[in-house]
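These protein sequence lines are chains A and B, in that order.
Following my numbering, the numbering of the first sequence begins with 1 at its first residue and continues without gaps.
Following my numbering, the numbering of the second sequence begins with 1 at its first residue and continues without gaps.
Derived from the structure by calculation, the hints contain no laboratory data.
You can trust all of the hints, since none of them are fake.
Label-pair ranges, simulated between beta-carbon atoms:
id : chain 1 : residue 1 : chain 2 : residue 2 : range
1  : B       : Q43       : A       : S53       : 20 to 28 Å
2  : B       : A20       : A       : P409      : 57 to 65 Å
3  : B       : E302      : A       : Q45       : 45 to 53 Å
4  : B       : K112      : A       : P409      : 36 to 44 Å
Simulated coverage check for chain A against chain B, where a stretch passes if three residues somewhere in it have a Cβ under 8 Å from a Cβ of chain B:
id : segment
5  : 55 to 63
6  : 82 to 90
7  : 268 to 277
8  : 309 to 317
Source: prediction; values computed, not measured.
Each residue gets a CB set at the ideal place from its N, CA and C atoms; glycine is no exception.
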Amino acid sequence: MGEIRNHEDNNVEEDNNNNNNHNQTLIHLQKKPKFASFITQSQIQQEFSHHLSGVARINNGSFGSCPASIIAAQKRYQLQFLQQPDDFFFNQLPTQILRSRTLIKTLINADDVSEVSIVDNATTAAAIVLQHVGWAFAEGRFRKGDTVVMLHCAFQAVKKSIEAYVTRAGGSVIVVHLPFPISSNEQIVNEFRLGLERGKMNGRKVRLAIIDHITSMPSVIIPVRELVSICREEGVNQVFVDAAHAVGSVPVDVKEIGADFYVSNLHKWFFCPPSVAVLYCRKSSLSSDLHHPVVSHEYGNGLAIESAWIGTRDYSSQLLVPEVIDFVNRFEGGIDGIMKRNHDAVIEMGSMLAKAWGTRMGSPPEMCPSMAMVGLPSCLEVLSDEDALNFRNHLRDEFSVEVPIHYQPLKESEVGPRDENGGFITGYARISHQVYNTVDDYIKFRDAVNKLLQDGFNCKRLLSKE
Amino acid sequence: MASNGTTTNTTTIDIRSEFAHHDPNVARINNGSFGSCPNSVIQAQQQYQLRFLEQPDHFYFNLLKPLNLRSRHSIKTLINANHVDEISIVDNATTAAAIVLQHIKWSFFDSKFNPGDTAVILHYAYGAVKKSVEAYVTRAGGKVIEVKMPFPVSCNDEIINAFRDALELAKSNNRKVRLAVIDHITSMPSVVIPVKELVKMCREEGVDRIFVDAAHAIGSIEVDVNDIGADFYTSNLHKWLFCPPSIAFLHCRNPELSNLHHPVVSHEYGNGIAIESSWIGTRDYSAQLVVPEALEFVNKFEGGLDGIRKWNHEKVMEMAEMLVKAWGTHLGSPPEMCSSMAMVGLPACLGIMSDSDTLKLRSRLRDCFKVEVPIYYRQPKDGEVNPVTGYARISHQIYNTVDDYYRFRDAICNLVDTGFTCKVFQD
Numbered sequence: 001m002g003e004i005r006n007h008e009d010n011n012v013e014e015d016n017n018n019n020n021n022h023n024q025t026l027i028h029l030q031k032k033p034k035f036a037s038f039i040t041q042s043q044i045q046q047e048f049s050h051h052l053s054g055v056a057r058i059n060n061g062s063f064g065s066c067p068a069s070i071i072a073a074q075k076r077y078q079l080q081f082l083q084q085p086d087d088f089f090f091n092q093l094p095t096q097i098l099r100s101r102t103l104i105k106t107l108i109n110a111d112d113v114s115e116v117s118i119v120d121n122a123t124t125a126a127a128i129v130l131q132h133v134g135w136a137f138a139e140g141r142f143r144k145g146d147t148v149v150m151l152h153c154a155f156q157a158v159k160k161s162i163e164a165y166v167t168r169a170g171g172s173v174i175v176v177h178l179p180f181p182i183s184s185n186e187q188i189v190n191e192f193r194l195g196l197e198r199g200k201m202n203g204r205k206v207r208l209a210i211i212d213h214i215t216s217m218p219s220v221i222i223p224v225r226e227l228v229s230i231c232r233e234e235g236v237n238q239v240f241v242d243a244a245h246a247v248g249s250v251p252v253d254v255k256e257i258g259a260d261f262y263v264s265n266l267h268k269w270f271f272c273p274p275s276v277a278v279l280y281c282r283k284s285s286l287s288s289d290l291h292h293p294v295v296s297h298e299y300g301n302g303l304a305i306e307s308a309w310i311g312t313r314d315y316s317s318q319l320l321v322p323e324v325i326d327f328v329n330r331f332e333g334g335i336d337g338i339m340k341r342n343h344d345a346v347i348e349m350g351s352m353l354a355k356a357w358g359t360r361m362g363s364p365p366e367m368c369p370s371m372a373m374v375g376l377p378s379c380l381e382v383l384s385d386e387d388a389l390n391f392r393n394h395l396r397d398e399f400s401v402e403v404p405i406h407y408q409p410l411k412e413s414e415v416g417p418r419d420e421n422g423g424f425i426t427g428y429a430r431i432s433h434q435v436y437n438t439v440d441d442y443i444k445f446r447d448a449v450n451k452l453l454q455d456g457f458n459c460k461r462l463l464s465k466e
Numbered sequence: 001m002a003s004n005g006t007t008t009n010t011t012t013i014d015i016r017s018e019f020a021h022h023d024p025n026v027a028r029i030n031n032g033s034f035g036s037c038p039n040s041v042i043q044a045q046q047q048y049q050l051r052f053l054e055q056p057d058h059f060y061f062n063l064l065k066p067l068n069l070r071s072r073h074s075i076k077t078l079i080n081a082n083h084v085d086e087i088s089i090v091d092n093a094t095t096a097a098a099i100v101l102q103h104i105k106w107s108f109f110d111s112k113f114n115p116g117d118t119a120v121i122l123h124y125a126y127g128a129v130k131k132s133v134e135a136y137v138t139r140a141g142g143k144v145i146e147v148k149m150p151f152p153v154s155c156n157d158e159i160i161n162a163f164r165d166a167l168e169l170a171k172s173n174n175r176k177v178r179l180a181v182i183d184h185i186t187s188m189p190s191v192v193i194p195v196k197e198l199v200k201m202c203r204e205e206g207v208d209r210i211f212v213d214a215a216h217a218i219g220s221i222e223v224d225v226n227d228i229g230a231d232f233y234t235s236n237l238h239k240w241l242f243c244p245p246s247i248a249f250l251h252c253r254n255p256e257l258s259n260l261h262h263p264v265v266s267h268e269y270g271n272g273i274a275i276e277s278s279w280i281g282t283r284d285y286s287a288q289l290v291v292p293e294a295l296e297f298v299n300k301f302e303g304g305l306d307g308i309r310k311w312n313h314e315k316v317m318e319m320a321e322m323l324v325k326a327w328g329t330h331l332g333s334p335p336e337m338c339s340s341m342a343m344v345g346l347p348a349c350l351g352i353m354s355d356s357d358t359l360k361l362r363s364r365l366r367d368c369f370k371v372e373v374p375i376y377y378r379q380p381k382d383g384e385v386n387p388v389t390g391y392a393r394i395s396h397q398i399y400n401t402v403d404d405y406y407r408f409r410d411a412i413c414n415l416v417d418t419g420f421t422c423k424v425f426q427d
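Bound conformation, chain A alone (with noise of 0.2 Å):
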């Protein structure tokens, strides 16, 4: 990831050496650090005062987490506008986006700060992308029929988002299904493959592919590089990968990746206040076409600037990625570092629960972001969506632990993964870990599920409560 130093004279430096780093995880060579040391743990617990105390937090992954100091920044802005928004409108918004645009164009090695757009969340950017498609449908550049591809465990808002723009405009939908557990790269691109075959059949055309960069649930990390690789190979018109997860939890080279499309959320892990994403356009795929389905003035200016403007409204948590990059290189390896350390410790964290409860993960470590999922033992019986819900609001209710949960349904009956009783492992937690989490979160949660263990409980009692 291409790294940023701070912005005191409003200007970026990039790093020219980093662009060969991008893959490594050690520090790179920095100036003389702007504090004389860097983030004390009092002084991250203090950052992050305002979250629930008593509260195991280990959902990153669902809404973020922002700091403190970003909050205060944000305040400022938003104070900014309410005493004089003419002047807000005209004289500052303009430039904070922009300022905003380049430096994350720098975070994923962006080419030109035109592809840089700022919108609302990732679910905001599938609805300009697929709005997009749903167009060529009806104005016939795609024929009714050609297909659409998408992984089984697409984001639930993606899928829906498909429907409404793809499949009512005539587009057909191919899902591709992931096995999970799962080992290894190789599993996903063979499934990969057969999917984008299906595609094609009947002198059909891919139009367009749908990729995580990060599942959500379950949570693994997809070999985007690869994936998009093949998808050129085999003619797919133009790829779309759903990185929600990925800025400020695997390193992010668009350029790289080679995605038309590709869009990741800064207030899951990038700190920045709820919401805030970046939509990356692939300078030769930003049609004309492309646009924010909230219409304004700005609508015929390009994508970057219809985005910048949709009405009257708080754009304050797109202004903060200055401060959130004197944020992260407070601590040591700026985010890369951070990137690192919680990698690091959600695997030690998953492997401590995996043993406590004789279950297993789901992924090996290496397909792990921030996230791992974490076998539930399998006489909690976790064995639909509803059990899924309802055992992580027990867990809220009862033991202020907060952590989703998934259930996976076994491929084949009698055949999967057991925990060590024998049964069946049809239910994971996916734990994260950010810079705020301390060791006692997980031994909570540990904690939480033995005694459930050992009160003999599973998830049918909670259905008795409907």
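Once you've looked at the hints, dock chain B against the given chain A.
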């Protein structure tokens, strides 16, 4: 009510402290563009923001939906809608327009509407709405007819006649009029439109769908959606109803039949436009949750919202008359066609000759005189002698004082006295 230029008509609110965050050096007479929000409502909003940050999952699963419903109930009562399902909360009228117009687009694609079918909009429709019509209606094969409304305007009949003419044109050659977009209060130039009559006319003429863009309405004029009778009606609550940026409602007379969808599709797709709009991905929804708190604020005033509306209207007309007298110009419309805003003619000698001039003059007023007011350019007709081509859209909200308008008066007088003209902007 006090008549000495202060706005307090109640003893329970300290207006100065509620709006202490406004830049005290600015004569803020443009409430129409971005609205305003009292400190007590901002505090309430910040509480919700904090609740989300402290435990977002709990907020999402347990708090957000009931709070959204609570706001929608408040709005339903406020606008005299029949059922809370008819009320969706969205970011702003711009978003509401995209929702309605996307629906029109699909009707063209699904062949319910035919290429060449028409849509009628006002010539003075808001810029974003015009672009949205281009993006969704023209692009899908619809033909757009603009209503040529006069300005200055002297009575409702001028508008009604112009609208009738446009409908005739839209129906000519056997075309079907599929959509009418009618402003309740136009933005620039700002005039109150007789929407009830126009909606009735549209029904009589068989217009398929009627969409009222009432961005400015709630909090500045009476809103009764049942009485108005449109299919879709939208208004911003951050402009004149003291909500923080940003929140609007979209009222849909028949949500089940309308098949509206929010363009940002979430897992709620298919659950009705109100539910779809309540979750469009992770965002800060706090501005949408403080409608009850905003109404609490309003009800601290004598007469509540009615009282505030009347007060603002009276004061803006009083100030408008003061300005036209001082400058020797005229109003753009009679008082009964003004809301809490009025169009005040600027002296002709300022030489405003283009939209670009108005923007530059507006900046000059902001930078050199600390007056914030939007300016409208009216193209003169052939043969007009010494035409008034510029109008200022002044507004009055409860935080304004007479000094704001005196400062504006003196600024313009100063420009006139120093021989200023917009020609200097050509250099």
